[in-house]
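Novice: Each chain is listed here by its residues.
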Amino acid sequence: MPRRAVGTNVLRKEGVEKVTGRARYLDDLSFPNLLYGRTIRSTVPAGDIAAIRYDFDRTGFTVVDYHDVPGQNFVALIEEDQPCLVEKTVRHAAEPVVLLAHEDRETLAQAVVHIDYRATAPNYDPERSTRSFKNISIDKGDIERGLAEADLVVEGEYRVGHQEQLYIEPNGVIAVPEGSRRITVYGSMQCPYYVHRALKVLLGFSDDQVRVVQTETGGGFGGKEEYPSMIAGHAALLALKSGRPVKLVYDRVEDLLATTKRHPAVIRHRTGVKRDGRLTAIDIDAVFDGGAYATLSAVVLSRGMIHASGPYRCDHVRIRGRAMMTNTPPNGAFRGFGAPQSQFAAEVHMDRVAERLAIDAVRLREINAFKPGDTTATGQKLGEDCSALAVLREAVKRTRFKQKRRALKGTGRGIGLSLFFHGSGFTGSGELKLGSKASLALTERGANILVASTEIGQGTRTMLAQIAADTLGMPYDAIDVNDADTKVVPDSGPTVASRTCMIVGRLVQHAARDLKARLGPLTPKQYLRKHGPLTVTAQYEKPGEISWDDATYRGDAYESYGWGCDVVEVQVDPVTWQVTPTAFTTVHEIGRAIHPGLARGQIEGGSAQGLGYAILEDVVMRDGRMANCQLTNYIIPTTLDTPAIDVVLIENPYPRGPFGAKGVGEMPIDGPAPAVVNAIRHAGVDVRDIPATPEKIMAACASR
Amino acid sequence: MRFTLNGKRASVRAHPMARLLDVLRETCHLTGTKEGCGEGECGACTVLIDGLPVNSCLVPFAQVDGARVTTIEGLGGKHPLQHAFVEFGGAQCGICTPGMIMAAVALGPKPSTPEMQTGLAGNLCRCTGYSAIYRSIRAANRGTASLKARTTTGRKKR
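Residue numbers (my numbering), protein chains in the order written: chain Z, 26 to 729; chain S, 190 to 347.
Simulated from the structure, these hints should not be mistaken for laboratory data. Fair warning: there could be bad hints in the mix.
[Claimed, not checked] One side of the interface only, derived from the structure: several residues of chain Z facing chain S at Cβ under 7 angstroms: (1) 46; (2) 387; (3) 657.
[As the list claims (entries may be wrong)] Residues of chain S clear of chain Z, computed beta-carbon distances all greater than 12 angstroms: (4) 192; (5) 232; (6) 266; (7) 280.
No experiment lies behind these values; they were computed from the predicted model shown. Note that beta-carbon positions come from the ideal geometry of N, C-alpha and C, so glycine has one too.
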């Protein structure tokens with residue numbers, strides 16, 4: 026029997042390629058006769074295009090505008106509102122209007138295109154917007170009754186800004202035409218089948234006329250969920266018109282200016298509570314800034330609202346959320362997907378409630394935290410996989426939170442805490458609609474995993490191979506993982522929503538069981554010789570007892586949830602107003618860690634990204650466009666900004682997860698921002714708006 | 190321009206004001222060195238010139254005349270740091286990794302944590318939160334990175 030792979034830190038499948046420079050990212054690829062592409066973008070936030078003038082010698086150039094779209098001119102995702110190329114009306118600055126390609130990058134860069142506009146008045150305020158992309162209502166019990174039962178009602182308003190994913194490899198694709206009726210797109214992406222579908226709609230092509238191949242991808246964090254469909258469309262249009270391969274790679278400025286970011290939001294809480302700390306009512310109103318087009322706003326809002334009341338028991342809950350249109354570049358997927366925004370508000374508000382009650386912040390959470398058997402805001406009954414109290418108690422004990430809370434009082438330092446949860450997989454009936462598939466093909470030495478789930482740094486290949494190896498009873502090294510190439514792999518759904526391990530991992534496990542049964546006593550080599558090639562496929566099936574009603578937003582929003590608790594210590598500089606996190610502990614319950622090292626990597630990285638969200642990362646919007654679209658002035662955490670991150674994994678295997686696993690990718694970014702802001706409050710400064718920059722800290726101090 | 194590239198004498202024709210990054214990637218076909226920002230902020234393009242780390246996106250090619258240039262390819266895949274970055278999770282998406290490893294080479298033997306923090310402050314990583322990078326560097330210096338899988342498990346729920 027080979028050594029078990031699950032639960033051990035086996036070597037990352039593509040690790041050697043990555044440390045030797047041999048891993049091939051998109052910009053490392055080239056093709057004969059390659060052209061370079063360039064996108065000409067709108068310079069106004071709202072208006073109509075009056076004229077386009079090309080002030081350059083067009084010899085050797087390929088020029089594409091919306092007239093060149095052979096299929097339907099929109100980026101196929103949820104709504105059909107976002108054009109691939111503007112026809113007449115501009116809804117945001119940096120919107121793509123015209124595409125150019127040329128074989129010489131210098132010549133391409135020097136081409137001048139003038140666009141004249143009839144500008145209209147832009148709106149940047151989601152609260153004043155009259156156009157809603159999505160409204161969500163969640164009701165449990167009777168909110169008025171809950172408020173009437175309260176001894177005290179505490180209100181609060183909380184704001185979060187944009188955040189840029191800031192993958193270190195910018196967005197990029199290469200489109201390679203075969204004649205005029207077939208195209209292959211290589212690219213840095215999370216979801217090859219999203220791109221595949223978008224290209225079919227844009228080009229009017231059938232399934233087999235489009236092939237999408239993910240290249241080694243230098244980070245995604247949601248930023249390569251939907252946007253690659255746009256850039257792939259652009260490169261494909263240029264390639265089909267020129268008949269030559271076209272490389273379209275954004276530089277950092279263009280990537281920051283044009284691509285999606287985390288939704289800003291304003292979230293208001295009204296909480297009814299008994300003197301003894303029991304919650305009687307949670308009333309939440311949230312406005313998310315969707316930007317100019319719908320993209321994924323509806324589902325970001327949905328996840329945000331389902332998590333909005335935090336991991337707390339309450340009989341009377343009313344949640345109202347809306348995602349509104351503004352004249353700014355569309356906001357979209359970013360790790361956490363609405364939950365970091367809504368749980369920031371929930372957890373900062375929880376400390377405000379404790380303050381008003383003059384009750385200990387930990388005690389208030391202990392009284393109200395979900396236990397197995399409690400029901401969530403959508404009426405989901407939680408099972409034994411609920412670990413809210415376990416993570417809270419471990420974090421409090423490990424950090425000596427209560428002692429430090431007393432000791433640091435009045436020192437200019439502070440310690441804060443956040444308790445949070447995160448649903449694994451698509452929301453509600455989403456997984457059923459996806460109907461994802463995973464295949465395993467028998468090889469001479471073992472098996473090859475065929476999935477569209479992408480490796481973007483998180484360890485997809487490694488983790489899925491561990492699951493397959495142990496299920497098959499084969500060594501880890503006998504398992505290969507195919508490139509995510511739509512010509513070869515089935516649609517396993519997108520690589521998002523903390524779903525790859527729990528959902529796709531389970532499909533791989535099912536396929537492996539099937540393969541093992543068919544092999545019987547034969548070795549792969551013997552089987553292939555005797556019976557020829559063998560590929561087995563597993564498809565998602567809804568676990569029987571799960572139910573969800575899209576119309577009423579009632580039921581089991583997610584199969585299972587992960588649970589987390591963060592504790593942060595901060596120093597607030599009384600001269601510069603700079604906040605420095607000096608210690609960070611995070612306790613995570615993620616079912617079972619398939620690869621503890623990779624899981625820890627997700628938690629450490631997500632925590633650092635969350636610390637950036639809390640205090641550093643400030644997208645400055647001026648006239649509807651990002652004013653600081655460079656790494657010089659959009660600041661992400663460096664080594665000097667990131668404290669040591671103490672990670673504790675508590676295992677509570679989820680029976681339906683592969684080997685007990687739940688999702689892990691997103692949850693780490695839910696907790697840091699509220700913990701930091703609660704620590705700043707403990708240090709004596711009341712901010713309710715992130716990023717908590719020195720300017721905001723100074724303003725909060727001046728107003729007290 | 191004549192210079193030493195990864196231990197071998199090289200004679201390369203390119204514009205003297207071309208970015209060293211482009212000359213390495215496009216003229217010399219050494220694509221291990223990456224571009225993340227093009228303005229010297231992210232460090233993905235870090236290479237060594239005469240043993241010192243530089244952002245190759247900010248170095249005009251003329252400046253390497255007669256110098257020793259070392260890229261990730263020059264480490265040959267056997268360097269203890271390369272082993273350790275695979276084994277201890279220092280590489281996730283891998284795009285910052287070549288630059289990070291070159292910057293780590295320049296730290297010299299047995300750097301302290303503050304020395305690592307200062308020496309790597311010009312190299313951005315969005316995946317790891319840097320902790321696994323420090324663990325990798327420490328392991329490389331201890332000589333414990335063996336490219337063999339180790340067994341650890343998470344803690345049991347009590």
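Novice: Please check whether residue 387 of chain Z passes as an interface residue: C-beta within 7 angstroms of a C-beta belonging to chain S.
Specialist: Not OK, violated: residue 387 of chain Z not within 7 angstroms of chain S, min 19 angstroms.
Novice: At a threshold of 7 angstroms, is the proposed contact between residue 46 of chain Z and chain S supported by beta-carbon distances?
Specialist: Holds: closest Cβ of chain S sits about 2 angstroms from residue 46 of chain Z, inside 7 angstroms.
Novice: Hint residue 657 of chain Z vs chain S: min CB-CB distance below 7 angstroms?
Specialist: holds (6 angstroms)
Novice: Report holds if the minimum CB distance from residue 192 of chain S to chain Z is greater than 12 angstroms, and violated otherwise.
Specialist: holds (19 angstroms)
Novice: Verify that the Cβ of residue 280 of chain S lies farther than 12 angstroms from every Cβ atom of chain Z, and report whether the claim holds or is violated.
Specialist: violated (4 angstroms)
Novice: Just want to verify: residue 266 of chain S was marked as not at the interface with chain Z; is every Cβ pair farther apart than 12 angstroms?
Specialist: The claim is violated: residue 266 of chain S sits with its nearest Cβ about 5 angstroms from chain Z, within 12 angstroms.
Novice: Classify the label on residue 232 of chain S as holds or violated, using whether its beta-carbon is more than 12 angstroms from each beta-carbon of chain Z.
Specialist: Non-interface label fails for residue 232 of chain S: nearest chain Z Cβ at 9 angstroms, not farther than 12 angstroms.
Checked against the numbered hints given earlier, this structure breaks hints 2, 5, 6 and 7; the rest are met.
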